[in-house]
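The hints should help you fit chain B onto chain A, whose structure is shown.
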Amino acid sequence: MQAYIDQLIQDGAFAGMPKEVAYAIAMVLVALVVLSVFVAPLAGVTSWLERRVWARMQSRVGPNRVGPQGVLQWLADGIKNLLKEDLIPAAADAKLFALAPYVVFVGFLCTFVVIPFGAGLIVADLNIGILYILAVTSLVVVGILMAGWASNNKWSLLGGMRSAAQIVSYEIPAGLSVLTIVFLAGTMSMQGIINAQGWAPWDWFLFHNPFTFAAFFLYFTAALAEGNRTPFDIPEAESELVAGYVTEYSGMRFLFFFFAEWGNLYVIGAVATTLFLGGWQVPPLAIFENSPVLLAVAQFLTFFLKAYLWVFVAMWVRATLPRVRVDQLMALCWKYMVPLSFVCLIGSIAFMFMADDLRRVFGAITLGFAIATMINFFRRVMFQIREAKPELYLKPHI
Amino acid sequence: MNELAETQGGFYTEDMTISVGPQHPSTHGVLRFVVKTDGEVISEAIPDVGYLHRSIEKIGEKVTYHGYVPYTDRADYLAAMFANQAFCLAAEKLAGTEVTRRGEFCRVIACELNRIASHLISVGTFGQDIGAMTPFVHALRERETINNLMEEICGARLTYNYIRIGGVGYDILPETCARILEFLDHFEPIVAEFNRLLSGNKIFIERLAGVAVVSKEDAFSYNLVGPNLRGSGIKWDIRRDIPYSVYPELEFEVPIGTAHVGSLGDSFDRYWVRIREMQESCKILRQCLKMMPKGPAISKVPRKFRPPAGECYARVEAPRGDMGFYVVSDGSEYPYRVRIRTGSYTAMSIIDKLSKGIMVADLIALIGSLDVDAPEIDR
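For the protein sequence lines, the chains are A and B, in the order given.
Counting from 1, position 216 in the first sequence corresponds to residue 216 in my numbering; the numbering is continuous, with no gaps.
Counting from 1, position 127 in the second sequence corresponds to residue 1127 in my numbering; the numbering is continuous, with no gaps.
Read the hints as simulated data drawn from the structure, not as lab findings.
Straight-line C-alpha distance at most 30 Å; calculated BS3-like pairs for lysine-lysine:
hint : chain 1 : residue 1 : chain 2 : residue 2
1    : B       : 1036      : A       : 154
2    : A       : 154       : B       : 1356
3    : B       : 1093      : B       : 1300
Label-pair ranges, simulated between beta-carbon atoms:
hint : chain 1 : residue 1 : chain 2 : residue 2 : range
4    : A       : 382       : B       : 1156      : 39 to 45 Å
5    : A       : 252       : B       : 1043      : 36 to 42 Å
6    : A       : 252       : B       : 1159      : 39 to 45 Å
7    : B       : 1043      : A       : 96        : 25 to 31 Å
8    : B       : 1156      : A       : 383       : 36 to 42 Å
Just so it is clear, CB atoms sit at the ideal spot from N, CA and C, and this is done for glycine as well.
Looking at chain A on its own, in the form it has when it is part of the complex (with noise of 0.2 Å):
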């Protein structure tokens, strides 16, 4: 995109403008564009398809009212949300109060600059693009403890201390699995990390040796916990804490929170793509060669669904987990995922300088403890889904 922007100033597309002004136009631009074409029905559908996934895990229903099957219930959700009173309670700080969700929003939005959807289909390809991400994601703290102590209410405020010890914790782990990966790589750069990649599950570096495959997971939980979801939504905890920062947050400003949240899931599964999943990459078939638009549908698609994946995932968990305590949060990060994640750097790097054959066996060991713990998983699904008796519940009964 970026290269593509210096192409068009070359062309005098912007005659007569500072090259910075139309620098400036593109990118208000294209955040319009990414943020309504792409951002915003996604966090929208994800919203929708986490109650209908969590309505038929809980054999309930779900919303399937608005649109087929209920899927426009984001937009009715939404113009409902804009519709509501803006309310500032009175003892309020009223400027960071009303900043807070827009802070919360940036820090989210900004990831998608550089979330690669395909070789060409990225906004920017900065040379230090993962650090990037995890720079941006931490304003997300920041405008959760504005939000907890702007409202002058105190489950806020016990939301918004939780959130911000939770989320600078967790950024250790996450962090270190995931120079885990730039290690490897060799870059910090999303594309070139894809790159290092190939298309077969073999050529991962999720299955590049055993220390990687732990650091995937140690990454996928430390993203969890810092977007938070469950079983570490203690900021919100709505048990406990009444709901949490968002408790005195109404209308849009309270949307602009969840549309965040179901947001940064995707985030989390697309970084976690990018990373470990070999991201966009599609295998080199006859068909792709003389058709690039085919060619870059084939990777968004590829991309997107390997990311939505684990979506589904933390909606998965969110539906069969328990809350953890905030002690329990806090040991869990520094006494158990911290030291792992350590490990699991250090092992990664002693695995480089191993001989190329012996890492491949390691590798292929890696993809077979992979693919006989899936086996195992899937064949307890099946035998919880059989005990349940689904025929009873899984009629849809609309």
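Quick look at chain B alone, frame taken from chain A:
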């Protein structure tokens, strides 16, 4: 402020007072706690009861004995059958009324179904308090089946008015018996599934094991009853120890706290006692359905029910423990005095003691594990 800061090592802090409830998602109705916390750690949680007081005891002095039965439903709307039964037992004791044998079995069947329903709510909402949403919905799904059965038995889904003085309002039909058996066949595996989903969950156990431990002595001195008492390892069940109705003829175990994940009397033990009580109730139901004799469901009771002057106390084992009705008669059509004793009220009193030094999240787990129920506290 600066002087205070100096006395506290240069850093002045003060406790935060939070009002948990009466409108709070996990206070199960309208309870209120005034909680003093130091950050997340609670230094004091004072229960504040009385938000759901409906003068049910006073109403008892103004209506006839027969007319009071529907009011008792409202004492604990999650387990209405037990209040029905306790009041009817008291009235029958006063007047010396015989209950037909079939009526007794109908009572036990209805009560045990109601116990399962009440415990389902308890363990389900408990899971929700801990943050697990799915078990709650699954529990309510099963309870819905019980509500359907209850509707078949007595025409109501929540406030039954089923048990009358001298027996029960309506006989349980053979079709309904078959459907209850069908439900039991379906429900017993569901308990196992529930255990796989929630009770065996590592996070769930970590959250509850060793949290808010009630020692045997405390359980006695604070007068805990029912599953809360048994969770502390005391084998005391009114059905077994002060038998009433046909319970002496039935075989069932009294589950007590096992401390298999934490220490005896912790939150998990109280939860686990409820899960196992549901299984015991299933056993009782199966026996009752087998043993139920033919005959009338209610004995002849005069419409103008005038027990001789006197007083009596009848107690039953409700899901929230020992539920007692103290009824004084002056020989007229109206009770002279009715007093209800419920388990949740005493359970509330121990929260103050247990909450010292635990975290805010643990307070929610504690309230859930004691299964306090707002209507039963205030009556």
